[in-house]
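Colleague: Sequence:
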Amino acid sequence: MSKNKYDGIDQYLVKQVRYRARSLLFHSSIYGVEIEDLEQEMMLDFFSRCRSYDPGRSKWSTFIDRILRHKCASLIEAARAQKRRLGMPAYSLNTLMEGLDGMVDEFPDPASENHSARDLFIDLKHATRDMPRHLVVLLVDLRTLNMSEISRKTKTPRATLYDTLFELRSSLRAMGVVEYLH
Numbered sequence: 138m139s140k141n142k143y144d145g146i147d148q149y150l151v152k153q154v155r156y157r158a159r160s161l162l163f164h165s166s167i168y169g170v171e172i173e174d175l176e177q178e179m180m181l182d183f184f185s186r187c188r189s190y191d192p193g194r195s196k197w198s199t200f201i202d203r204i205l206r207h208k209c210a211s212l213i214e215a216a217r218a219q220k221r222r223l224g225m226p227a228y229s230l231n232t233l234m235e236g237l238d239g240m241v242d243e244f245p246d247p248a249s250e251n252h253s254a255r256d257l258f259i260d261l262k263h264a265t266r267d268m269p270r271h272l273v274v275l276l277v278d279l280r281t282l283n284m285s286e287i288s289r290k291t292k293t294p295r296a297t298l299y300d301t302l303f304e305l306r307s308s309l310r311a312m313g314v315v316e317y318l319h
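Offset between the sequence shown (1-based) and the working numbering: plus 137.
Because the hints were derived from the structure by calculation, they are not lab data. Hints are not guaranteed to be accurate.
Taking CB as the label site, the calculated pair distances span [to be verified]: (1) 198 to 282: 21 to 29 angstroms; (2) 160 to 140: 51 to 59 angstroms; (3) 203 to 270: 26 to 34 angstroms; (4) 214 to 273: 41 to 49 angstroms.
Quick list of in silico lysine-lysine cross-link-like pairs, BS3-like style, CA-CA up to 27 angstroms [unchecked claim]: (5) 262 to 220; (6) 142 to 152; (7) 142 to 220; (8) 152 to 196; (9) 140 to 152.
Ideal Cβ placement from N, Cα and C applies to all residues, glycine included.
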């Protein structure tokens with residue numbers, strides 16, 4: 138039985154929060170959590186969302202039910218995710234790591250990158266290992282600059298840069314990175 142007190146709060150809301158908190162305690166993914174903590178999580182979530190209630194769209198009891206149902210689902214999903222990570226060491230995505238080539242590389246942020254970008258990063262890293270330096274420099278510059286800007290930066294004629302670009306593309310094709318070329 139919960140020791141939380143909810144004086145002055147809608148009794149239907151309190152009854153639903155207590156019922157759902159008790160139900161969550163019996164879920165296989167939720168363990169080691171106090172019923173009071175579950176109730177407080179649900180109450181905080183509800184009160185952060187209660188301003189969006191529109192009486193024209195649903196009844197108050199339906200609104201309460203939907204908010205609490207979604208919060209319970211997110212608590213279960215978070216608990217399952219936590220279970221999946223047990224026993225795995227935690228690494229910061231901002232940690233600098235030294236690669237096989239002795240260079241310091243930063244982990245890519247998986248939240249901001251899609252899988253094809255990560256695959257491109259890995260494939261290009263392998264492809265550029267044996268590539269001549271002037272081709273690697275052009276490849277790096279092409280990430281943020283256009284040919285005119287590179288020409289001004291390096292004081293190299295654009296025609297020469299386009300020849301180097303042709304050489305770069307040929308080199309990437311030979312290394313099997315054709316799928317990334319446009």
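Colleague: With reference to the structure, classify each hint as holding or not holding.
Modeller: Verification of the hints:
The beta-carbon spacing between residue 198 and residue 282, approximately 59 angstroms, falls outside the hinted interval of 21 to 29 angstroms. A hinted range of 51 to 59 angstroms is violated for the C-beta pair residue 160 and residue 140, which are about 18 angstroms apart. Judged by the Cβ atoms, the range 26 to 34 angstroms given for residue 203 and residue 270 is violated: they are separated by roughly 60 angstroms. The beta-carbon spacing between residue 214 and residue 273, approximately 43 angstroms, falls within the hinted interval of 41 to 49 angstroms.
Our distance criterion of 27 angstroms between C-alpha atoms is broken by residue 262 and residue 220, whose separation comes to about 34 angstroms. For the hint linking residue 142 to residue 152, the alpha-carbon distance of about 12 angstroms falls within 27 angstroms, and the restraint holds. Taken as a hint, the residue 142 and residue 220 pair is broken in the structure, with Cα atoms around 31 angstroms apart against an allowance of 27 angstroms. Of the supplied pair hints, the one linking residue 152 and residue 196 holds, its CA atoms being roughly 17 angstroms apart against a limit of 27 angstroms.
Proximity of residue 140 to residue 152 is assessed by CA-CA distance (about 14 angstroms); at most 27 angstroms being required, the pair is judged to hold.
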